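Going line by line, the protein sequences match chains P and H.
Taking the working numbering, the leading residue of the first sequence gets 1, the next gets one more, and so forth.
Taking the working numbering, the leading residue of the second sequence gets 1, the next gets one more, and so forth.
I should point out that these hints are in silico values taken from the structure, not numbers from a laboratory.
Any given hint might turn out to be false.
Here are some of the chain P residues that sit facing chain H, going by a computed Cβ distance under 10 Å [to be verified]: (1) T2; (2) C26; (3) W59; (4) A105; (5) C127; (6) E201; (7) P212; (8) P213; (9) R247.
It should be emphasised that the depicted structure is a prediction, and the values quoted were computed from it without experimental measurement.
Glycine included, each C-beta is placed from N, C-alpha and C at the ideal position.
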Amino acid sequence: MTSLPQPLPGATKLGLVIDLDTCVGCHACAVNCKEWNTGGHHAPLPDHQPYGAEPDGVWFNRIHSYEAQAPGCGGRTVNFPRSCLHCEQPQCVTVCPTGASYKRAEDGIVLINTDICIGCKLCSWACPYGAREFDEDAGVMKKCTLCIDRIYNTSLPEAEREPACVATCPSRARHFGDLGDPDSAVSKLVAARGGVALMPELGYQPTNRYLPPRKAQIALPPAEAPTQAGTGVGAALLSLLDRVLSR
Amino acid sequence: MKPANSVLLLTTLTGFGYGLLAWLGIFAALGVLPHRAWLVPVGIAVSLGLASAGLIASTLHLGRPERAWRAFSQWRSSWLSREGVAAMLTYLPALAFAALWWGVGPNAASTRLMGLLAALAGLGTVYCTAMIYASLKPIRQWHNQHTAPDYMIFALFSGGLLFAAALAWTGAALSLAVSLALVITIIAAFAKNAYWRFIDQQTPLTTLASATGLAAFGPVTTLDQPHFTENYILREMGYQIARKHAAKLRRLVLLIGFAAPALLLLLALAGFAPGFATILAVILAAMGLFAERWLFFAEATHVAAMYYGRPG
Chain P
1 MTSLPQPLPG ATKLGLVIDL DTCVGCHACA VNCKEWNTGG HHAPLPDHQP
51 YGAEPDGVWF NRIHSYEAQA PGCGGRTVNF PRSCLHCEQP QCVTVCPTGA
101 SYKRAEDGIV LINTDICIGC KLCSWACPYG AREFDEDAGV MKKCTLCIDR
151 IYNTSLPEAE REPACVATCP SRARHFGDLG DPDSAVSKLV AARGGVALMP
201 ELGYQPTNRY LPPRKAQIAL PPAEAPTQAG TGVGAALLSL LDRVLSR
Chain H
1 MKPANSVLLL TTLTGFGYGL LAWLGIFAAL GVLPHRAWLV PVGIAVSLGL
51 ASAGLIASTL HLGRPERAWR AFSQWRSSWL SREGVAAMLT YLPALAFAAL
101 WWGVGPNAAS TRLMGLLAAL AGLGTVYCTA MIYASLKPIR QWHNQHTAPD
151 YMIFALFSGG LLFAAALAWT GAALSLAVSL ALVITIIAAF AKNAYWRFID
201 QQTPLTTLAS ATGLAAFGPV TTLDQPHFTE NYILREMGYQ IARKHAAKLR
251 RLVLLIGFAA PALLLLLALA GFAPGFATIL AVILAAMGLF AERWLFFAEA
301 THVAAMYYGR PG
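Chain P extracted, bound-state conformation (with noise of 0.2 Å):
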C-alpha cells in the first residue's frame, strides 16, 4: 500500500547525518553508492557513456557545491551531498499509483518494488530534494535504499553493516543510526551541532539531518600599516624590501 504506515512513538528511522563541517567534496561517497548499488537491491543501474562526452546516469548521491555568505566573514564554501531523505511524510509514496513505492513501518526506509513499477515518474515530480531518478533502460524508478542490502547484511562483518557511502567517506563526515531514539550516537551528535532538516516547510518531515558547518574560528590578522623609510630611491628599495619580506 502506498499509503503510509501509522506512525509509533519511538519507532526506529534509519537515517544519515551528514557533516557540512567535514565534507571536503571528494565524491566517493557518490561512487562507492554506485559502485555497491549497481550490485545491489536496485541493480544494475544504467552508467550510458561513462567515458565518453555525455556521460549519463542513475546516481542516489549528488555532490554540489555551495557558497553561504555569511556576514563578516565573506564566502564560505560548503560541500553538500544531496541523497534520499527517509521522509516521515514522503509523498512520493502516497502519489504512487501501483504500490510499488513503499515506506516501511519498522525502520522508516522509503524503498521502490522495481517489479511493480510502471515507470510513470510521478514520485519523482511529488519529490521536492530531487532524490529519485529514472533507469530509463529498465522503464522504472530507482532510489536511495539506504543501503538495505548492507545495513541487515549478516554474511558482512558487523562492522562493515552501513551505507556504502558511510563506510566510504575519507572525512568521517556521514553518519548512520537510528534518528527515533534520542540515545543514539547520531540524535547525540545532531543535538550537540544544531543539525537541522532540509526545507521543513514543505513538511516532508526527512529524517535525515544535515550539521551546519561551524562558525569560523580563525582571527584575521591585524592590517600593519605601511612603513615610511623616507623618501629617493634607497627608501623606495627598502620600501620593496619590507613588501617582500611581509609577504
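Given chain P, work out where chain H should sit, using these hints.
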C-alpha cells in the same frame, strides 16, 4: 517541468471527451437535448473515443506500459490511481446513458438520471486528473487553488464547443447550447488570465539556503555543479522556457484558443454557417488548448531544480 506529448494529449483529449459527456448528460437530464435517437449514442461514441485516445496516449508516457493495470490499486492515497479508476467507472454510466436514450427514450426518468450520472463521472475524472497536478507540493504553479477549477472549466469549454458543433450538425435549435458555450469560453479566457497573473506574482516556495540547511549563514549561491551534463532531474524538472517565448505563446493561446472560437460562436449564434463555424471553433480551440497545456508544463518550476541554481 518537461512538457511530454503523451501527457499533453491525455489532458486535452480527456477534457474534450469528458466535457462533451458532461454537456450531453446535463442537457438530457434537464430535458433540453433535441430528441434525435442517434444523437446520444453518437455523442457518447465521440466522447468516449476521445477520452480513450487520451488515456491510451498517457500509457505511452510509462516506462512499463504493460503494467498499467496496476495503477488501479492505490486509489486510497494516489490521485493518479483515482483518475484511472474514475475513467474506467465512467464507461458504465456513459454506455448505459446511450443505451437508455436509444432504447427507453429521452423522456424516461432512468435516461435522464443516467445522463446526470455520466456527466458527474466524467467531470469527476477530470477533477482527479487536475488533482494529480494540484497535489504536487514542490511545484508552485500547480499546487494552488487555480489548477482544479481550471481543468474543469477547460473541459467544459472544449466539450461545450464540441457539443455546440454536434447540435449544429443535427440542425436542432442551437441558441441555448451556443450561448452557454460562449459564456464558458469567456470564463475560460478569464480563468487562464487570472492563472497567469497568479503565477507571475507568486514567490518561490523556498530558498536555496533552506534547501541546503544553510539558512543561518545567509544567502547561498551555487558554486560547482555535481556533473557537467544534464541528468534525469534536470531534463525532467529543470526545463526552462524563455520569458519572451512564454509571453508570445500566451498571446497565441488567448487569440486562437479563446478569442477566435468566441467570434465563431457569435457567427453561429447569428445563424451564419453554424455547422462550419462551430467545427472551426473546435479545431482552433484544440490547437489553443494544446499550446495552453504545453505552457502549463513548460512554465512550471520544481523545487529540486533549485539545487542546480535553476528557478524553483
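Structure-based check of each hint:
no., hint, verdict
1, T2, "holds, 5 Å"
2, C26, "violated, 12 Å"
3, W59, "holds, 8 Å"
4, A105, "violated, 15 Å"
5, C127, "holds, 7 Å"
6, E201, "holds, 6 Å"
7, P212, "holds, 6 Å"
8, P213, "holds, 8 Å"
9, R247, "violated, 28 Å"
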